[in-house]
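Taking the hints into account, I'd like the entire structure generated from these sequences.
As you go down the protein sequences, you meet chains A and B in turn. For this note's numbering, add 447 to where a residue sits in the first sequence, where the first one is 1. For this note's numbering, add 5 to where a residue sits in the second sequence, where the first one is 1.
There's no promise every hint is true.
In silico lysine-lysine, PhoX-like type, Cα no more than 20 Å apart, as pairs [claimed, not checked]:
#1 B:K18 / A:K561
#2 B:K17 / A:K531
#3 B:K286 / B:K183
#4 A:K452 / A:K666
#5 A:K465 / B:K395
#6 A:K531 / B:K286
#7 B:K18 / A:K531
#8 B:K17 / A:K558
#9 B:K492 / B:K389
#10 B:K389 / B:K18
Listed next, the stretches of chain B that the computed footprint assigns to chain A, with coverage defined by at least 3 CB atoms under 8 Å from CB atoms of chain A [to be verified]:
#11 17-31
#12 480-491
Far from chain A, by Cβ distances over 12 Å, these chain B residues were calculated [stated by the list, open to error]:
#13 V49
#14 D55
#15 S70
#16 A141
#17 Y241
#18 K336
#19 K466
#20 L522
Honestly, the hints are just simulated from the structure, not real lab data. Keep in mind it's a predicted model, so treat the numbers as computed, not measured. A virtual CB, placed ideally from N, CA and C, is assigned to each residue, including glycine.
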Amino acid sequence: MAKEKKGVRLENISKIYKDPKTKKNFYAVHDVSLDIEPGSFVTLLGPSGCGKTTTLRMIAGFESPDEGEIYLGGEPINALTPNKRDTAMVFQSYALLPHYNIFDNVAYGLKLRKMDPAVIKEKVTNILKLVGLEGMEARMTNQLSGGQQQRVALARALVIEPGVLLFDEPLSNLDAKLRVTMRTEIRRIQQEAGITAVYVTHDQSEAMAISDKIIIMEKGVIAQMGTPQEIYYHPKSEFVADFIGEANFLKGKLTSVSGSEGTVDIGGNAVKVVDLKDRHEGDECTLVLRPEGAVVADKGQLPCEVILSCFMGNYQNYHVMVGDDLVKITDFNPKNKKIYNVGDRAFVAFDPASVHVL
Amino acid sequence: MASNQSASLDRKKFFGDPIMVTTIVVLIAFLTLFILYPLAILLVDSFVTDKGFTLDVFRRIMQLSSFRKAITNTLKVGFLVGIASTAVGLLFAYVEEYVKLRTKFMEGLFKVVSMLPVVSPPFVLSLSMIMLFGKAGIITRYLLHIYDNSVYGFWGIAIVQTLTFFPVCYMMLKGLLKNIDPSLEEAARDMGASRSKVFTSVTLPLILPGLGNAFLVTFIESIADFANPMIIGGSYDTLATSIYLQITGAYDKEGASAMAVVLLCITLLMFIVQKYYLEAKSTATLTGKASRARMLITDNSVKIPLTILCSIIALFVIMMYICVPFGALFKTWGYDFHLTTKWFVQVFTRYKGFKAFKDSFVLSLIASPITALLSMIISYLVVKRTFRGKGFIEAVSMLAMAVPGTVLGIGYIRGFSAGVFRTGFLQSIYGTGVILIIVFIVRSLPTGTRSGISALRQIDKSIEESAYDMGADSLKVFTSVTLPLIKDSFLSGLVTTFVRSITAISAIILLVTPQYLLITVQINEFAEKGAFGIACAFATILIIITYSAVTLMNIVIKRFGTSRYEGE
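And the structure:
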């Protein structure tokens with residue numbers, strides 16, 4: 448549907464802000480470089496204050512970068528004002544024009560482009576069909592639910608056929624159930640329209656469900672970039688591992704390495720690990736163990752004591768102490784399994800392949 | 006780390022928007038020329054003479070005992086009026102927000118009281134004060150048989166100003182009381198506090214900064230007021246009237262400039278305290294909306310006395326206003342109470358009433374759209390844009406609020422009678438309608454801008470960003486998004502400017518030339534002469550005009566206003 452899918456490239460982008468309290472400059476975004484393929488769906492993910500929204504607003508043109516250059520479809524766009532950029536943004540607060548009805552809201556961008564009224568009508572009708580708001584043209588924005596308002600905001604951005612579509616936490620004002628429905632919708636519409644999308648969120652499950660590629664940001668810098676699987680299974684840092692999903696961290700020391708396999712000593716227990724890269728005997732290391740990647744059992748790698756055991760229906764939730772470290776374990780489908788109680792001594796058991804070594 | 010790339014990019018983007026740049030340059034030029042420059046020239050006039058920089062002028066005027074007297078008079082009146090207006094305003098606000106009095110009659114009274122200061126010309130109350138309580142006053146002479154009562158002087162000014170300004174306090178304090186969360190007071194009641202204890206230990210401390218704010222606002226209004234002291238002051242001169250007399254009577258331009266500087270310093274000081282200290286504080290303590298409706302006081306021992314007190318004051322004020330049209334209908338006020346239309350007829354036959362109304366009407370009508378648009382543009386720039394010079398624009402347009410009309414009038418005389426800096430530049434506007442229109446604009450700009458700013462603050466920034474993002478340039482964003490969303494504010498700016506302009510006198514009386522006949526100047530002249538019949542006839546017609554304008558505005562806002570978009 449888009450005239451032309453455009454890629455977005457950020458080259459060493461930095462943005463400096465002044466702290467209102469200390470009056471000191473700091474990097475809100477620091478040396479961010481990334482290449483977004485035309486037609487792909489990329490999510491900037493991170494906690495609040497990590498610079499993701501600032502990055503998005505620099506692409507839209509609302510903020511100017513202090514260092515670096517932004518390219519849209521190969522053209523440098525640093526000096527262009529937002530109205531001259533081939534981008535369209537879907538805002539967190541929807542930002543619909545309250546004095547217009549749905550039709551006029553969606554037609555706004557087309558009218559600015561001085562299109563023929565007949566063409567505008569056709570385009571608006573088509574796009575409203577795509578977002579599932581047929582026949583609602585005459586409604587005012589305050590007669591719509593939150594989800595419907597978000598669809599109008601999406602339609603309004605899509606209808607001008609921008610080179611890239613920008614989303615600024617578009618679902619954060621919706622309730623949990625609707626968020627799940629809408630993110631599937633957004634993904635479907637993006638695929639159907641075949642448009643490049645940059646999406647900002649702090650919700651990791653949203654990011655995983657919707658993206659071709661996730662970029663995790665921490666304190667203004669990119670912590671890791673990759674597909675959802677790469678990021679989940681091979682986090683590069685504790686921050687990433689902790690931010691995406693839940694993770695247990697166990698500190699240890701490599702006692703032997705042969706090729707990609709090795710043994711890690713954790714509090715006197717030898718644990719076999721695989722998939723090592725460039726690791727040497729004697730290295731300090733951290734094991735990342737996902738709660739669903741381990742079980743509590745009579746036999747296993749690490750001895751532990753159960754301090755919490757809680758039935759959650761689809762899984763049994765355990766908190767166990769391994770030495771001085773708390774390890775959380777979710778044992779799925781607990782029916783017909785042995786259940787350990789608080790105070791029980793047992794072992795944490797896992798497949799070496801489900802452990803990631805940092 | 007301090008890279009300037011973003012600054013230079015922002016600049017590039019900014020200058021890529023010629024409409025914005027032009028607007029800002031024109032605005033800054035306008036504000037500098039018509040607000041800053043006339044005030045600056047007063048300073049120059051009063052400090053610089055042929056002998057260079059000197060304090061001679063100040064020394065000279067300070068030696069005038071009449072001027073020293075005027076300063077103390079002004080401050081005394083201002084202080085009393087500030088306290089009295091705040092107290093009466095608080096009474097009304099409290100009764101409205103806390104006491105259950107849902108009768109049609111009381112609601113009507115409160116509405117009228119809040120409406121009066123908007124529609125009435127500034128000196129109406131002085132007129133009726135004299136007609137009711139003066140030597141020939143109906144009440145004093147015919148009801149109480151007092152034949153030598155004098156309303157002129159301190160008490161006259163103080164009473165009239167209090168009655169004129171307390172509605173402003175009432176509206177301000179009503180807003181504050183509404184925002185107090187009732188559960189705070191309920192908690193105090195629950196812990197055993199009596200109703201009066203709740204008032205003194207919870208309600209009052211919460212609105213204390215607000216009371217200070219209301220006090221200073223009326224204080225400034227009082228000392229800047231020209232019309233009332235002029236009519237009812239008698240020999241009791243205030244700063245505003247002294248300045249006027251110094252220039253029209255003594256032709257002492259330097260002296261008048263120096264006096265104006267003194268008056269300006271006082272109002273400016275008050276204004277700064279009010280604006281930057283109390284205003285922020287009074288809203289900071291009361292953020293957010295009340296969580297739910299307040300349980301109104303139904304207790305008769307509270308309700309009845311408060312209601313009676315309010316009714317008396319309100320009825321008194323209303324009576325004073327009603328007195329004006331009657332003044333125009335009686336043959337000779339105080340002596341011959343036969344009804345007559347001769348004053349209304351004379352207004353149009355002998356005193357060129359038609360021209361006076363036409364001149365006032367046309368000049369005000371020209372000033373209103375310009376002011377309304379200008380203040381919306383200023384609010385848009387101040388709230389939604391960042392650029393160098395923004396602070397200047399905001400400060401100067403607010404500064405105009407603290408400048409008494411008389412001071413502005415003297416500034417314009419000194420600043421433009423021989424052209425800008427006596428060069429002849431813009432001299433041609435002096436003595437014409439243009440300068441009167443400019444005065445109207447400058448006088449109403451702060452109110453319009455303030456209402457525009459608070460309306461715009463309510464609007465999510467991303468609504469405009471979204472339009473900008475869709476491809477609209479700044480002019481298009483302003484006309485298609487901003488302006489429609491603050492339509493109410495624009496409309497009220499339109500009408501407020503019209504009403505304020507058509508009822509203005511303080512600066513105008515110094516600048517008007519015989520070529521223009523303005524209603525307010527006429528009323529002032531006839532009232533001074535004691536020709537109350539004619540003065541009242543003029544005032545009555547003026548009130549009808551302003552009342553119609555405000556009513557029309559309310560209908561339009563109800564029908565087409567932005568409130569239609571609100572609510573689910």
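(message) Name the hints, by number, that the structure is in violation of.
(response) 1, 4, 6, 8, 19
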